[in-house]
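Colleague: Those protein sequence lines, which keep their order, are chains A and B.
Residue numbering for the first sequence follows our numbering, starting at 12 and increasing by one per position.
Residue numbering for the second sequence follows our numbering, starting at 3 and increasing by one per position.
If you're looking for bench data, these hints aren't it; they were derived computationally from the structure.
We treat Cβ as the ideally placed atom computed from N, Cα and C, and that holds for glycine.
Not one of these hints is a red herring.
One side only, chain A facing chain B, incomplete, derived with CB under 10 angstroms:
no.: 1; residue: G48
no.: 2; residue: R109
no.: 3; residue: T119
no.: 4; residue: F143
Okay, the calculated beta carbon distance ranges per label pair:
no.: 5; chain 1: A; residue 1: V243; chain 2: B; residue 2: T168; range: 48 to 58 angstroms
no.: 6; chain 1: B; residue 1: T236; chain 2: A; residue 2: T229; range: 43 to 53 angstroms
no.: 7; chain 1: B; residue 1: P59; chain 2: A; residue 2: I251; range: 53 to 63 angstroms
no.: 8; chain 1: B; residue 1: L24; chain 2: A; residue 2: G27; range: 53 to 63 angstroms
no.: 9; chain 1: B; residue 1: E127; chain 2: A; residue 2: T137; range: 27 to 37 angstroms
no.: 10; chain 1: A; residue 1: S199; chain 2: B; residue 2: V270; range: 19 to 29 angstroms
no.: 11; chain 1: A; residue 1: I251; chain 2: B; residue 2: L199; range: 30 to 40 angstroms
no.: 12; chain 1: A; residue 1: L60; chain 2: B; residue 2: T239; range: 25 to 35 angstroms
no.: 13; chain 1: A; residue 1: G27; chain 2: B; residue 2: T236; range: 12 to 22 angstroms
no.: 14; chain 1: B; residue 1: D89; chain 2: A; residue 2: R272; range: 56 to 66 angstroms
no.: 15; chain 1: B; residue 1: L199; chain 2: A; residue 2: D35; range: 35 to 45 angstroms
no.: 16; chain 1: A; residue 1: F266; chain 2: B; residue 2: G247; range: 32 to 42 angstroms
no.: 17; chain 1: B; residue 1: P59; chain 2: A; residue 2: V243; range: 46 to 56 angstroms
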Amino acid sequence: MANIALPAPRITDASGHYDLSILDNPRARSYYRRFDGILIIVLFSFIALGISIHYALTAGDWDYWIDWRDRRWWPLVTPLSLMIFIGGFVYPIWKAFRLPVIATAVTTLLCLVSWVSRYFNFGQFTDFPLSFTFPSTYIGLGVIFDSVLIMTRSLLISAIVGPFLFGALIWPLNWPLFAASKVPVEYSGTLVSVADLMGYQYIRTTTPEYLRIIEESTLRTFGGSVTPLTAVFSAFVAVIGYSLFLLLGAALYNFAGRYARRII
Amino acid sequence: MNTAKSRSPARYLGNALVLGVLVLLALPMEAVAHGERAQLASMRMRTLHWFDIEVSPVRVNVGDTVVITGKFIPSEFWPEQLPSVTDTAFLNVGAPGPKFIRVHSEVNGVPMIRSTAFEPGKLYEFKSVVRARVPGRYHIHPLLNVKDAGTLVGKGSWVEVEPSLTGEPFTNEITTLTGETVDLENVGLKSVIGWHLVWILVGVAFLAYWLAKPELFIPRYMRVRNLGPEQANTMITRRDFLAGGIFFTISMVLILAGYLWAEHKYPVTIPLQTGKVGVPGRPVPSGPLVVEVENANYELAGRSLTMRMKLANEGDSPIEIREFVTANIRFINGPAAAAGVVENEELVAGDSLHSSVSTIAPGQHVDVVLRAEDSLWETQRMTGLIHDPDSRFAGLLVYRDAEGKRYYQEVGGSILPKFF
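The shape of chain A in the complex, shown without the other chains (with noise of 0.2 angstroms):
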């Protein structure tokens, strides 16, 4: 039998330009808008469930018991984890489908997320009440983040700008939820907070006082001003953990971009 050659169907032409007539045609924008639709959910889902894992591994106790949030280490280590996990997303939606949402979604979805666990795990399972393990908000940030780069729409500026407002601003936006369990409280002659109480008076039999890894007494606390100098020593880091895993993203974005037109 003789060989058919069947040319190659062809959706872009010799200067590898799509052809965008196509997106007139209501019948193909309808697959379209369909397949977005799998797409979001599909891509929230691994963000919802990816960011759950990361922030758990990462930042875990630090988010999961108020006698944990301090103000030296929780908002030192939070924006990190987030910001690395982030990071790896925003190079690839950008420059594919110049989508400014990632930060955002990250953010909402983990909020979400964390809830759920919090009043099913944390809640109904083990009896924690709510009011001591109900999970931080970081929305704001991510909104500000991808504002940002809407405004700049330079991965550049936004890497340095958006990072740094995410790690300033995560004690004031977290401030309103945290400030009910700073109040002082005198118990057995000695000083604590409401969180510290909650602590101790909620058993947990695995995770002794001495395990939280909070602000201790130092003599380098500038005078006590740790709110502010955190806030700066933060920013810093989330743009540095930020540009590393944008880079990162980058460069498997790229690499997966030309072993994929590779194989096709």
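Since chain A is already given, all that's left is putting chain B on it; use the hints.
Modeller: Just chain B now, kept in the frame of chain A:
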């Protein structure tokens, strides 16, 4: 009709897996162990000697208090390689989550809200007061968390918690130093939920703005490719820029407003408190008996520990050896009932401690062979001693004088196994 499909190994395997899962689900078993037996025998014997542990009352209603009391002596034979209680430790309660709240704890009269450190060879008397919070039947223990070493568990007791007599939900009210009375079960929770809802609304609105666009992934990808990297930024329209600016401003204003609101509502706040408290140890009441361990053997076949020791009674009353306590196991000289044993809650071997000399008279110096013999050595995995890389033992020798006054002291040293 038998088909190839119905006989396939994969089908059998699948059925077996389903059956196995169903059997596991149908046979729920109560988890009552804590993993102590998984710890090396020599480590259990040479870390902490718990004794005189009492839990009372064991039937309560929600809101009632339960008191856990007892004593412990950190071993002077504490393994060198194991982080020690001399660094950081915390007196804890072993319970399945916060079914109780801890309202007080102390060691030698010092409140134990914070972590502390203990001195080997000293006596510590502890007390923990817990308040029942959730109805159920719970096994509760005293625990000592030792930093970088692990958790050491004392004797546990079952406590039945019935619902509150008044039917009221559990509350945990305290008064802060600012004079406000709050319920820790829900302190600040309304604000937390309110602010979360505000931010979820902002986040969802932002995502909705972008995801509701008529063109998303494939059309945008095609346009980005056609426009090229230089021109692709024009896909962020003036409207997008404006929307970004509005969301940015709303978020900044909300953060500032929230911060000012919290500062106004809670003007007095403090950082989280931490640090260690000191607790002085008390001397162990070793009485007039001087003990020198010469050697010790563990007989695998006989499931017994034999200690040869020189004893000297320097007091004026005869001394009788009553008990040897190690790894939470009590080997008793005589019937268990006479030793104040709590039925079904302690690891006790009655008539299991045999001494070659029944009574040490005042002024008497005597060589004694003491044998602690019971199947508990096997069931509690103490036979693992012969497999440990550090074959040493320790335990608490308990004895009393003619007036019934109780004394105790720690004994220990090297141990050699006897295989036959």
